[in-house]
Each structure stands twice: as structure tokens, then as C-alpha cells.
Amino acid sequence: MSPPPSPATSPSSAIPPHPGTASPVPDFDVAQAWSGHLRRTLQARPDLHAWLREEGVTQALTPAVLHAWRDGLAGGDAVLPVAECRAVLRRLRERVFCALMVRDLGGVASLEEVVGAMTALADLAVGDAYRSVATDLAAVHGMPIDPATGAPQEMLIMGMGKLGGQELNVSSDIDLVMLYGEEGETPGPRRLSNHEFYGRLTQRMMPVLSERDANGHVFRTDLRLRPDGDGGPLAWSLDAFEHYLVGQGREWERYAWLKARPMPARAFAGSDPEPQLRQMESLRQPFVYRKYFDFDALAALRALRERIRLDWERRALARNGMDSALNIKLGEGGIREIEFVVQLSQLIRGGRMPALQVRGLLPALHCERDAGLIPAEDAARLESAYRFLRRVEHALQYREDEQTHLLPADPPQRAALAAALGLEAHAFERTLTEHRAFVEETFRNAFRLAGVGDGENGGNGGNGATAGDAAGASRTACKNSAAQDGDPETALMDEIHALFGADAEQLAGRARALLGGPRLRTLPPASRQRVDILLPMAMRAAARTVAPVAATVRLFDLIEAIAQRSAYLALLAEYPDTLARIARMMAASPWAAQYLTQHPLLLDSLIDWRTLHEPLDFAAMARQLAADLDACRLPDGTPDIERQMNLMRDVQRQASFQLLAQDLEGELTVEKLADQLSALADMLLAETMRRVWPLVNRQPDAVPRFAVIAYGKLGGKELGYVSDLDLVFLYDDPREDAAEVYAKLGRRMTSWLSTMTSSGRLYEVDLRLRPDGDAGLLAVSVQAFAEYQSKHAWVWEHQALTRARFAAGDAAVGARFEALRREILLQPRDAQAVRQEVLSMRDKISAGHPNKTDKFDLKHDRGGMVDVEFVTQYLVLTQAPAHPVLVANLGNIALLGIAAREGLIDADIAARAADAYRTLRRAQHQMRLQGQEKARVEPSVLAAERQAVHALWDAVLGTNAAAPVPASE
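Mapping of the sequence shown onto full-length UniProt numbering: residues 1 to 969, in sequence order.
Keep in mind that the hints are not guaranteed to be accurate.
Claimed, not checked - Taking CB as the label site, the calculated pair distances span:
1. Asp71 / Ala50: 14 to 22 Å
2. Arg690 / Arg190: 54 to 62 Å
3. Arg190 / Arg39: 48 to 56 Å
4. Arg39 / Asn445: 43 to 51 Å
5. His950 / Glu665: 33 to 41 Å
6. Arg768 / Arg690: 56 to 64 Å
What the hints assert, rightly or not - With a Cα cut of at most 25 Å, we get these calculated PhoX-like pairs of lysine-lysine:
7. Lys852 / Lys791
8. Lys672 / Lys844
9. Lys855 / Lys791
10. Lys744 / Lys934
11. Lys855 / Lys844
12. Lys859 / Lys713
13. Lys844 / Lys859
None of these hints come from the bench; they were simulated from the model. Just so you know, even glycine gets a beta-carbon here, dropped at the ideal spot from N, CA and C.
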């Protein structure tokens with residue numbers, strides 16, 4: 001017995017570690033002292049006792065070991081007669097149960113070994129029972145045939161719950177659902193329909209597993225998780241299963257099917273169940289994991305949480321009021337609550353984060369921790385509690401081989417349980433209490449932890465009225481008005497006039513058009529009632545903003561856009577604080593309103609306002625994106641490219657929206673925003689290349705020696721929300737097919753980025769800055785690029801090079817580009833010739849962006865941002881040989897400061913021009929947020945900034961500019 005832990009000891013260390021600290025052959029004494037079942041079994045079966053000591057407990061119980069034991073008991077036969085199968089499986093189960101008990105209580109079996117062995121036993125037992133019964137039936141009726149292929153058709157056996165998650169306890173029931181592919185008929189002399197064959201097969205299989213005889217039983221089986229439960233057929237065709245899920249599938253069934261796993265059961269030679277398994281998974285995955293989380297489902301999931309409590313209370317009362325503290329599974333702070341916390345996040349986020357789509361509880365918990373959904377410390381404590389409670393659960397079941405989760409109420413028995421686990425009694429009680437208190441608290445806050453608030457506060461953090469209050473008030477107002485005036489539309493018009501006074505008629509017209517429009521006319525009555533509730537809520541939220549009328553119109557547009565998606569109507573109705581945030585955003589920026597209306601997927605990002613305002617962690621985002629993309633697989637294991645492309649677009653929208661929220665709150669400067677958007681693009685470019693490379697490369701283990709070079713706004717890290725990407729693709733690889741394979745890589749990357757999918761387009765891509773433009777190769781070798789830049793490039797191409805940088809790909813190729821860029825920009829040039837080229841190009845820019853108004857175009861007119869950019873590019877091209885510090889791609893403002901410090905321009909002129917450029921960029925950005933396509937202002941506005949830019953231009957490129965310092969100096 002180990003000493004009690006010190007106060008500093010964490011609960012997870014309260015149970016001694018399993019492997020590596022005890023003899024490989026555990027002592028039987030602990031298990032025998034605790035388990036009456038083991039004592040009686042070994043006394044009645046001396047041969048089993050000897051076998052356990054010599055072989056059974058000397059090695060970890062892996063699936064391979066269990067198969068070897070089974071083969072030994074069965075004499076190597078692959079298919080056993082039904083009666084013999086029953087006997088062999090029961091003897092095998094007895095061996096496994098006793099061996100696990102001795103190893104577990106002896107301290108040498110991990111939780112993973114225990115649950116893994118029980119799962120392997122279930123897989124093996126179900127497979128054997130299936131083969132035995134199916135063989136018997138087929139001998140009489142013939143094998144069921146897939147009519148499409150003529151091949152034998154297997155039954156698909158789905159392991160549910162802990163069996164599906166490969167985490168069975170040692171005295172567990174197993175939940176099964178039986179499915180099959182196609183209807184048809186067996187070809188034997190006594191023909192049966194496939195449906196009847198599989199029904200009989202299921203019916204005859206169950207006693208082989210669950211019926212208790214002189215040899216005991218294997219597993220109690222439960223088929224009630226099938227569609228329609230006890231009222232439905234024992235086996236369902238996949239077509240019928242699909243119709244059920246679409247038409248009748250309920251929220252608790254999503255929870256049940258989350259862990260569902262096809263079991264490795266095969267009976268017929270020549271069968272190929274893979275197509276049916278793929279079809280089954282294509283039904284399960286979207287049913288469980290929904291891309292657009294249905295906020296209607298929150299009520300059902302909250303009800304499920306309460307059912308967990310009520311279920312235990314009902315059972316406890318049936319046991320004469322037994323204290324729920326005794327039940328470590330269903331009681332407060334028990335195993336079921338841990339499962340709910342973890343699986344809730346999977347159900348809510350799994351559709352958008354495929355990495356969460358795993359079956360086991362601990363793997364899912366680790367994925368949620370890695371995704372930042374559960375704090376690392378909380379995840380560690382939940383895992384520690386889960387491991388502790390599962391080991392206690394197993395100890396309770398070892399005692400009499402019963403499916404029990406009840407702790408002994410008697411103190412001496414509790415002390416004996418602690419001793420069986422290697423603990424002093426008081427240490428066991430303290431550890432149990434600490435774990436269960438933490439689990440209970442986490443369970444109560446499960447919805448808040450999952451980022452969707454709780455049922456009674458609507459995720460509003462306790463500020464102001466609750467969601468229930470707000471929605472209830474709206475319902476009451478609508479019902480009262482409707483009762484007085486005859487219908488919700490009349491009530492809405494009354495409210496418009498009460499809220500908006502002089503602007504009421506304008507809004508009333510928009511409201512009538514909305515209510516009479518096709519999107520709302522075709523809504524089912526539940527959805528239409530929700531719109532009637534939501535519209536007055538939206539108006540009240542808009543009335544509290546800085547632009548009430550504009551915000552109302554934009555909210556009406558949003559409601560019209562999402563009217564056919566009940567999930568989003570439910571979201572806005574259930575989370576009034578989210579509605580208020582949306583109203584503020586829409587009042588602040590018509591562009592943001594349009595963006596949100598076009599991408600309603602972003603709405604649920606607004607629930608957790610604090611998370612939305614956290615800085616983007618690009619390293620964590622990249623890790624999570626890679627994990628999610630890796631999880632986007634077709635049933636045959638190949639990448640699901642369409643899902644991957646959509647996922648990357650969704651991630652880009654979510655990150656951009658997070659930045660937009662911070663932008664509208666004034667938390668980001670224009671420069672910081674551009675840096676963040678550019679970093680986001682870099683990350684997505686790197687991930688795009690990683691996904692596309694396996695699609696074009698056919699050399700085993702080859703890595704892409706390829707670099708993406710960013711030009712223009714991305715090159716200068718001045719990207720906007722909807723900026724194009726100016727890219728050039730370079731490679732440096734001696735392989736013979738390099739030109740071909742990297743051209744394919746560039747082409748596929750461009751397609752991946754710019755193709756319009758159901759989630760939109762990732763980025764528009766412009767490749768015209770590559771050597772020879774549209775006539776040039778799509779991907780260019782570094783050597784060819786160097787030759788072109790040295791011998792054939794125009795001055796404007798060297799201007800573009802001043803803003804170019806390595807963005808993604810092979811770092812070595814990127815370094816070669818950066819060295820080449822520096823070499824090109826340090827070449828001596830004739831300053832007057834460069835000046836003429838720059839002036840000519842500036843004239844072409846003006847001609848290409850004519851401004852026929854009397855307003856000042858902040859970007860393209862003289863005195864605008866293009867003038868500042870051309871001045872810095874001219875300075876780099878003519879002065880870098882004498883002042884190499886100018887070569888760094890630091891942006892226009894920084895380069896002006898460097899030029900001033902190097903004595904190339906007057907410091908005051910440089911400073912005023914830099915401030916002007918910053919102001920012009922900020923003003924342009926604000927106008928874009930206001931939905932203005934052209935950033936133009938009255939001539940008197942920004943006059944000082946325009947004059948500062950003129951002064952810079954005149955000082956550097958004007959007719960009276962000082963003679964440039966010769967490069968040789």
C-alpha cells in the first residue's frame with residue numbers, strides 16, 4: 001500500500017503509475033483479496049489458475065494476443081459451429097476478464113490496455129458469432145447477394161458508444177446496430193429476402209453473445225440504438241437508414257452515432273463491403289457533424305444534459321433514494337458528465353473542425369485541447385479525473401463481475417476498494433472528491449466552455465437581460481400586438497413608427513417588401529413565426545446604434561438572406577447580445593454588413609465576443625488547420641479535396657472577420673491590420689502548397705524545392721480584406737521533370753486558391769509579374785529568373801521587385817531569391833534614365849485610372865499614395881548601391897525614414913510625407929469600410945497631406961530636384 005500523497009501532489013498522481021514500476025508478473029494477492037468472483041473462479045478452475053500464472057498475466061493483452069488465445073481454444077478453426085462458438089467465446093472471455101483484473105489491480109496494465117483488450121474481445125466475439133450464424137443460415141437459404149454486383153453481401157455491424165470508441169469497460173454491455181447495403185433475395189432452395197435474412201441473423205446472433213449458461217456469458221447486447229428502437233426492424237437497409245436520419249433523426253441520436261464504428265466482421269468469401277461502408281460513413285458524418293451548427297439543437301442538447309441528471313435521480317429513487325454520490329458513472333461529477341463535456345464540443349465544432357471527428361474520448365479531449373477549445377490545464381484535470389474514475393469503475397466491476405458503478409456505502413468496503421487501487425483510504429476519498437467536484441463544475445459550465453453560453457443566459461455573460469427574457473419579451477409583444485391588431489405585420493409597423501419617427505415610412509416600405517418577398521412567403525410556419533419574433537428584436541437593437549436607420553435596413557437584408565436557414569434565425573433569437581453586436585457592426589460599416597450577409601457562417605463567431613477580440617495566433621492556427629485538413633478524408637482514405645478547399649476558405653473568412661471586428665472597434669492600426677492579413681495569406685499559401693504537392697508529384701519521398709514570391713500588396717505587407725495576390729513561382733530542383741512538375745504545382749495552386757466553391761473563393765491570383773508576363777512559363781527556375789532580371793527585365797519590373805519577398809515554400813529557394821533580389825537592386829543604374837522610366841510609368845498609371853470628377857483620388861491622383869510609392873522605388877533603384885540599407889523590404893514609411901537618415905532627402909519633407917501616406921492609407925481604408933469603391937474626397941479635404949506628397953515628389957523627381965548622389969559615391 002502506497003503512502004498518501006503530499007498536499008502538493010496533483011490528483012492525477014494519486015494512483016501509482018502502471019507500467020515500469022512493478023514486476024512484469026503481477027502479484028495475485030491484491031486481486032484475490034478484492035474480488036470474490038476471482039477467488040471462486042480460481043478455486044473451481046485450478047487449470048485456469050495455473051494458466052494465468054504461466055501465461056495469462058505475463059504479457060500485455062493486445063489484439064494479437066487475444067486472437068492467439070482464441071485460436072488455441074478453437075483449435076485454429078476460422079468458422080466454428082454455433083454451439084462450439086458459444087463455448088469458446090465464453091472461455092475466452094473468462095480468461096480475458098481474469099487476466100485483466102490481475103494485471104490492472106497488480107499495477108502493470110494501463111487504462112489503454114484494459115479498454116483496448118475488452119474492445120478487441122468484443123470485435124473478435126461479434127465477428128465469430130456473425131460468421132458462425134451466417135454460415136448456418138447460408139447453408140439453408142443461400143448467401144444474400146448484392147444485386148448490383150452479384151457478389152455476396154455482408155451485414156454491416158456498427159459498434160456504438162464505448163464499443164465504437166474502443167473504450168469498453170470490463171463488464172460492459174455492447175450496443176450494436178445492424179445495417180446492410182441492398183435489398184434482394186438469397187439464391188438458395190429456401191429463399192429469403194435480404195431483409196429477412198439479416199433479421200434472422202441478428203436474432204440468432206444475440207444469444208451466442210449474451211445468453212448466460214454454465215460457462216457464463218460473453219457480452220450483454222443492446223440493439224435499442226437502431227432507428228425506431230425496439231419498435232423497428234432488427235436490421236435496416238442503408239436506404240431506409242438514410243431516410244430515417246433525414247426525416248426523423250434526433251439530437252440524442254447525433255450524440256449516439258458520434259462514436260459509431262464498423263466492426264471487422266466478415267462471413268462470406270468474395271464479398272466486398274467497402275462500398276457499403278463508405279456509403280454508411282457518408283450518411284453518418286454529416287448527420288453527426290454539421291458544417292452550419294444548428295442552434296435549434298442547443299435546446300435539445302441542454303435537455304440531454306438534464307436527462308443525464310434526471311435519469312440518475314430516477315434510478316436512485318428506484319433504489320430507495322440511494323445517494324447519487326455513490327454512482328461514479330451517472331452521479332454528479334461522474335464519467336457520463338466528462339463524456340458530455342467532451343462530446344458537446346465535438347457536436348458543436350466538429351463540422352467546422354474535422355480534427356475533432358474522432359471516436360475515442362481521450363483522443364477527442366486532446367484534439368479539443370490542441371484546438372484551444374478547452375484550456376490545457378482543464379483538459380489535463382479532466383483526463384486525470386477520467387482515468388481515475390474509469391479505474392475505480394473497473395475495480396467495482398472486478399469484485400463480482402457485475403455491470404455496476406456504485407461505490408460501497410460501508411466504510412470498511414470503501415477502505416478495501418482503496419487498498420485494491422493501491423491507496424490509503426483517506427487519500428482515495430480526497431482524490432475522489434477533488435476529481436468529482438471539478439467534473440461537476442465543468443459539466444455545469446459545459447455550454448459556456450464550448451463557446452455557446454448556457455441555456456438561461458444566452459451566452460451574454462450575465463450582462464443585462466437574459467436571452468430567455470429578451471426572446472420572451474419579444475414573443476409577448478408580438479402576441480399582444482397581433483391579438484390587438486390582427487397580425488404580426490401590423491404589430492411590426494406600429495413598432496417601426498414608435499422607434500423611428502420621421503424615418504418610419506422608409507423602413508416600413510422595406511419591412512413590407514421583406515415580409516411579402518419570396519424568401520419569407522415560402523417559409524414553413526415555425527420559421528415564419530421566428531422571423532416575426534426576430535424582426536422587432538432587430539429593430540430595437542439597431543435603434544441603440546449610432547446609425548439606427550442604416551443598421552435596421554442592413555439587419556433586414558441579413559434576415560432575408562438567412563431566412564431559409566432556421567439555424568441562424570435560432571441563433572439570433574436565442575442570443576440577443578449577438579444580435580446587438582451585429583447591429584453595431586452594421587451601423588459602423590456597410591462593407592462589414594455586406595461581408596456578414598454574404599458569409600452567414602461567420603455569425604456564430606460573434607457568440608464569444610471576447611475570443612473574437614483576441615490576437616490571431618498564426619502558429620496555433622496553422623497547426624489546427626493542418627490537423628483539420630488531414631482529417632478531411634473520403635471513406636476510402638484519400639483526401640477529400642472539396643472539403644479541404646472549403647475548409648480553407650472558411651478559415652480565411654473567420655480569421656478575416658476576427659480582424660474586422662477588432663478593426664471596427666479601433667483595436668488595429670491600418671498597418672497592423674495589413675500585417676495580419678498578409679500573415680494570414682502567407683499561412684494559407686504554405687498550406688495550399690502542402691496539399692497540392694502530393695497531387696502533382698509522382699516521385700516517392702520527394703519534397704518541393706519551390707518558393708512562392710509575393711509582389712505588390714502582399715509583397716509589401718499592405719494586404720486588404722479583398723486584395724488580389726500578385727505571385728511568382730520559382731523552383732530550384734535538378735530533377736529531369738522539374739519544369740513540368742512545378743508548372744503543374746503552380747497551376748494547381750492557382751486553381752486551389754481562386755476556384756469558386758460553395759464556400760466562395762480563397763483569393764484572386766495574378767501571375768502577370770512573372771518573367772515575360774502572360775507569355776512566360778508559369779513556374780520559373782531560379783537560374784532563369786536571375787538571367788531574366790539581369791538581362792531582360794524592364795525598369796518597371798525592377799520597381800516591382802522592390803516590393804517583392806519570399807512568402808511560402810522551401811526556405812532555401814526563398815533565400816536564393818532574396819539574395820538575387822538584393823543583387824539586382826544593388827546594381828548601379830543611370831539615375832536620369834531611371835527617372836525618365838519612372839515618370840513614364842507614372843503617366844501610364846494616371847492614364848489607366850482616369851478621374852473625371854473634381855474630387856481627389858487618394859491613391860491614383862497626383863499627390864496621392866502612388867506618388868509616395870514611386871518615390872521610394874526610385875530611391876531604392878538609384879541609391880541602393882551607395883546605401884544598401886534601402887534594399888530591405890520595409891514598406892514606404894520606413895524607407896522614407898531611412899532615406900532621410902542617409903541624407904538623400906530632407907528629414908522634414910520625409911517625415912511630413914510619411915505622415916501623409918499613413919493618413920491617406922487610413923482614410924482609404926475607412927472609405928472602403930463605408931462601402932465606397934473609389935477612395936475620393938473633396939479637394940479641400942486632406943489638402944495638407946496632398947501638399948506634403950507634392951513636396952516629396954518635387955524634391956526627388958521634380959524638374960528642380962537636387963541632383964541624385966552618383967551610385968559610385
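Could you work out which of the previously given hints the structure breaks and list their numbers from low to high? 6, 7, 8, 9 and 10
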